[in-house]
Each structure stands twice: as C-alpha cells, then as structure tokens.
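Chemist: Chain by chain, the residues:
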Amino acid sequence: MVDWISLTVFILFFVLVTVLGFVAANWHRGDLRLLDEWGLAGRRFGTLVTWFLIGGDIYTAYTFIAVPAALYASGAPGFFAVPYTIFVYPFVYLLMPKFWTVAKRRGYVTAADFVRERFGSSLLSLIVALTGILATMPYIALQMFGIEVCIAQMGIPVEAALIIAFVILAAYTYNSGLRAPAMIALVKDLMILTVMLVVIVYIPLKLGGFSNIFAAVHQHALKNPKTFHAFLSPAQYPSYVTLALGSALALFLYPHSLTGILSSKDCGVIKRNVALLPIYSFMLGALALLGYMALAANVKLPVAYGANGVVPALLSTVFHSWFTGFAFAAISIGALVPAAIMSIAAANLFTRNIYREYFRPNCTTEEECNVAKLTSLIVKFGALVFILFLPRTEIINFQLLGGAWILQTLPAVFLGLYTNWFHRWALIAGWAGGMIAATEMIFSQNFKPIFPIHFGGQTVLIYAGVAALIVNLGLVVLLTLVCRVIGLPTGNDPTSPADYEEILETPATLL
Amino acid sequence: MVNRSNQNSRIWLRWLLILPGIGLLWPPFYNTDQPELIGIPFFYWYQLLWVFLTSILTAVLYKLKA
Numbered sequence: 001m002v003d004w005i006s007l008t009v010f011i012l013f014f015v016l017v018t019v020l021g022f023v024a025a026n027w028h029r030g031d032l033r034l035l036d037e038w039g040l041a042g043r044r045f046g047t048l049v050t051w052f053l054i055g056g057d058i059y060t061a062y063t064f065i066a067v068p069a070a071l072y073a074s075g076a077p078g079f080f081a082v083p084y085t086i087f088v089y090p091f092v093y094l095l096m097p098k099f100w101t102v103a104k105r106r107g108y109v110t111a112a113d114f115v116r117e118r119f120g121s122s123l124l125s126l127i128v129a130l131t132g133i134l135a136t137m138p139y140i141a142l143q144m145f146g147i148e149v150c151i152a153q154m155g156i157p158v159e160a161a162l163i164i165a166f167v168i169l170a171a172y173t174y175n176s177g178l179r180a181p182a183m184i185a186l187v188k189d190l191m192i193l194t195v196m197l198v199v200i201v202y203i204p205l206k207l208g209g210f211s212n213i214f215a216a217v218h219q220h221a222l223k224n225p226k227t228f229h230a231f232l233s234p235a236q237y238p239s240y241v242t243l244a245l246g247s248a249l250a251l252f253l254y255p256h257s258l259t260g261i262l263s264s265k266d267c268g269v270i271k272r273n274v275a276l277l278p279i280y281s282f283m284l285g286a287l288a289l290l291g292y293m294a295l296a297a298n299v300k301l302p303v304a305y306g307a308n309g310v311v312p313a314l315l316s317t318v319f320h321s322w323f324t325g326f327a328f329a330a331i332s333i334g335a336l337v338p339a340a341i342m343s344i345a346a347a348n349l350f351t352r353n354i355y356r357e358y359f360r361p362n363c364t365t366e367e368e369c370n371v372a373k374l375t376s377l378i379v380k381f382g383a384l385v386f387i388l389f390l391p392r393t394e395i396i397n398f399q400l401l402g403g404a405w406i407l408q409t410l411p412a413v414f415l416g417l418y419t420n421w422f423h424r425w426a427l428i429a430g431w432a433g434g435m436i437a438a439t440e441m442i443f444s445q446n447f448k449p450i451f452p453i454h455f456g457g458q459t460v461l462i463y464a465g466v467a468a469l470i471v472n473l474g475l476v477v478l479l480t481l482v483c484r485v486i487g488l489p490t491g492n493d494p495t496s497p498a499d500y501e502e503i504l505e506t507p508a509t510l511l
Numbered sequence: 001m002v003n004r005s006n007q008n009s010r011i012w013l014r015w016l017l018i019l020p021g022i023g024l025l026w027p028p029f030y031n032t033d034q035p036e037l038i039g040i041p042f043f044y045w046y047q048l049l050w051v052f053l054t055s056i057l058t059a060v061l062y063k064l065k066a
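These protein sequence lines map, in sequence, to chains H and D. With my numbering, letter number 68 in the first sequence gets 68, and the count goes up by one each step, no holes. With my numbering, letter number 24 in the second sequence gets 24, and the count goes up by one each step, no holes.
Mixed in with the good hints, there may be bad ones.
Quick list of simulated restraints, FRET-style, between CB atoms [as the list claims (entries may be wrong)]: (1) L388(H) x D33(D): 44 to 54 angstroms; (2) I453(H) x L64(D): 37 to 47 angstroms; (3) W27(H) x K65(D): 26 to 36 angstroms; (4) A59(D) x V482(H): 36 to 46 angstroms.
Covered stretches of chain H, as calculated for chain D (at least 3 residues, CB under 8 angstroms) [said to hold, decoys possible]: (5) 79-88; (6) 239-247.
To be clear, the hints were calculated from the coordinates, so they are not data collected in a lab. Glycine included, each C-beta is placed from N, C-alpha and C at the ideal position.
Based on the sequences and whatever the hints tell you, model everything.
Modeler: Here it is as structure tokens:
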C-alpha cells in the first residue's frame, strides 16, 4: 500500500536537492574542466562546509540503517560503532594534516599519487588505487540499499525508484563534481539533525523513558541468551575493541574520506573539524539506540529486509506520515551524498593512477577531467547493477571484505607519511599477504568479520582486518630488512621533509 | 626532521591523544549496568561521554597549537 503523504514529502525534498545539485556548479565558480576543480572543488572548502561534507561522507545512510539493526539483532556488540567513531579522530588529527600538506605541495589528488612518489613505485600505486576502487564499489551499492529500505517502507516499486535516484545522482555529479555533494550535504545534515533530535526525545517519552526501553532489552537478552547480549560477554571483549580500532584505522584509508580531506582549504580546517565532527558520532550513538527502542516498541519488521528494516519500520510505527516521509528523505538524501563522493573518489583513482599512468601519460588536463567524469558514471552504474541483480547479503559481505582490504594499504599510505624506510617490494608483498589473509579468514568464517585465533591454548576472537594487518606489517618489516641486505634498489623519493610540514592557517573564513 | 623546534615546540602534547584509547580499549572497566544515567546503563552512556571528552581534547590541542 502506498503512503501518499509520506511519498509527497519525500519527493518534495528530493526535487529540492536535485535543483541544489545542479546549482552547485556555480558555487565558488571554478574551471570544471580541471580535475582539481571537478574532483576536489579547488581545495578551498572552509570549516563549516568541510564539516557538512565529511560528516555526510563518512556517517552514511547505510550507517544509520545498519548500526541500529546491529543493536536490534545482537545487542551490545553492535555498539562498537561508538568507540570506532571516537578512535578515528586522534588518528585524523595526527595523520591528515600531514597528508593534506604533502598533497597540496606536490599536487596529489589521490593516496595512490602520494604512494607513487614516496616509494618510487607505480606498481604499489596501482595496488593502492585498485584496492580503493574495489572497496568503494560495494560501499556505493550499500548506499543505494539505504534508499531501498526507505522507499520499500513507503510501498512504492523499489526498482523504478532506485533507477530514478541513480539518474538524478549521476547527472548532477557529472555536471557539478564535488561541489554537488558538498551543497547537498548542508541540507541533508540539517534534516538528519532534526530527525535525530525529534526521535531521541519523542520516542523514549512515548515508550515510558529509557528505563522501560532497557528493561525490554534485558528481557530480550534473557530470552535469547545465545544471540543477544545487553552487555558484552568476556569472550566478546577482544572482538569489540579490535573491530572499533580496525574500523577507525580503515575509515580514512577509504578514497572518499581522503577526497573530503583534500578538498579543505588548510590544516586548520581539518583540525577544527576533528573537534567538531564528533557531533555526528554522538548522533550515531543516539540513533543506534533506535534498535533498542524498536525492541521495546515490539515493531514488526518488513519480511524482505529483516533487521535492516528496523529503522524505517520503527519510524512509520511511531510517527505521522508526513514526518516519516521527511525522515526517509533525510536518510535517502544522506545516501546520495556519500554515493556521489565515493564515485568521484573512485573516478579520481582510475583517471590518475590507471588511465594516465598506464594508457595516456601525455593526456591533457581536460581529457583527464573528462575521463574522470565518465568513470564516475560507470562506477555508479556498476553499483546500480550490483543492487538490482545481486542478493543483498552478497553486497554486505563484499563491503565487509572491502573494509578488511582497504586496511591493508595502511603501511604504504599512513606509515608512509612518517617514513620512506619501507622497501617498495616489501610493501607490495605485505599487501599481498594481508589481502590473502583477510580474504581467507573472512571466507573461512562464512563472512563473519570475527576470526578465532588460537593462542597459547586459548582462543581469542579478533577482527580479521586487524589480524591480517598484523601479518601485513610483519611481512613489510621483515622483507624490508631482507631487501636492504641483498641490496635491491629502493625507489627514488622526490618529496622532502619540508613538504610534510603543516600549513596551518590561511585567514579564517567559515564557508 | 629539520626545523621541528621551529615548527612546533608543544608536539609532545599529542601523546594525550592516547587518552580515549586508555578509556575505551579495556571493556571490563565499563561493561556494567550501574551507575545508570536517566535509565541508560553505564556501558552505553560512558562510551557516549567519551565522544565529548575526545572532542574537547582535540579542541584543546588545536588551541595550544600542538
């Protein structure tokens, strides 16, 4: 049954956002035939725009669907998203100003650009680019999935609606580049904040306070002692903290996060955002509790989506149609922002580190930008095909693998910011070892991210991505020593220590 | 490493960034029900509290130009 009021509000906001997406091309007008302008918006965003952009970029619609679903389905272990989105900021504070500075000084658009110079290896750069693209594809598809669960709840045909959303997204990204998601993020975040405030105050009041909600959680835990935990069991401690830590390390290795960082104006913008972005972490933590509220409210889940349908189902149980439509629009627009940035980031990687590196070394800047625009279309189309024709669980599994894979670029990208001591061949071998280990571990657990490690007669459950990273780092250090002993030539690093010294401030402007 | 002192003399303050790690990497410390806050068990509100503590910490570091 179609909910017409919801649908009308939903469409209204979608139209508004579409117009904004096209208007964005004229914002801080730049030459959109240059990759630096189309793909990084000219590196000129100030504190506020960066806050909206990165907030919209990393706290994705899928996050707002999946985290409450995890709490609903398994309880406390799903809450690791909170320490995850806390741990990420100390790393950002330490690493990203360095990355921004060297990228600005030497004209990098991607992490693979940096690795190519730092370790003098185009193969290593190719590896970083391919890993990034591979990890991003299922992530874009999951954003589409976020839209899908919302429109399904409104009772309209899912496929047709997804194709429309895709065409809109593709058109304005092609036209306006990174400026489009930046401008849309402004609207989307204000909408999500409104929804969050209403939800976090109104629903607990309606359910008789948090004491009642948690009483229902405890009841549920008593009835399902094997699958649901109101608190962690001691066996879950290592997996809880390694998932949080590993995910935090992986987040800013993803191409779309780095694109957000590189589009900011100076290091001051990045550091101010480290202090401001946790507002979203709090929002995520508060929304996570929706999973518990759904338990207390005895929400009936949509058959097709199971726990992943818990947020839309709860909202439409509790609220009037018009507010539900508003909330679904917020989530769906929240999917368009990261989907646009992800496709731009993947396109930048393909153009800079594959097309220009291997096919057209002498291509003009205009050709480079055109290829990126075209690639962003292809990437999104690929994601649409994924979501329309692959089973959902396959995409979720693929995205899970992607997280463990992207973590394997850490030695080259993050440690590379501090040192070029590592040998390029050791980094390549370490990456290969880490990729194989991560894939093998996750496959062997039937696509659970947690792998049991037997250690001195005990079994410790830890996140496979972290376990594989340890293998990776071990190989990198060991083989660097070997390479140096046998005298294998190291790559030539044209960057100098001065290239990494932070450019702190340009005069402060908000936008 | 050239000009490090010139660039920044308070860089050691960055060690404070391990505080969230100390607060959160040892779950037995906070994996409890009591004390509750407006009906929310300690496990949940304690971790949410660290969102704010981390934000304040990085803001202070930024202000001190660390």
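Chemist: A separate judgement is required for each hint: does it hold in the structure or not?
Modeler: Consistency of the hints with the structure:
The hinted range of 44 to 54 angstroms is satisfied by L388(H) and D33(D), whose Cβ atoms lie roughly 45 angstroms apart. Here the CB-CB span from I453(H) to L64(D) is close to 40 angstroms, well matched to the stated 37 to 47 angstroms. A hinted range of 26 to 36 angstroms for the beta carbons of W27(H) and K65(D) is consistent with their spacing of about 31 angstroms. Here the CB-CB span from A59(D) to V482(H) is close to 45 angstroms, well matched to the stated 36 to 46 angstroms.
With 6 residues having a Cβ less than 8 angstroms from any Cβ of chain D, the stretch 79-88 of chain H passes the three-residue criterion, so the hint holds. Counting residues of the stretch 239-247 of chain H whose CB falls under 8 angstroms from any CB of chain D gives 4; the rule of at least 3 is met.
Hint compliance for this structure: no hint is broken.
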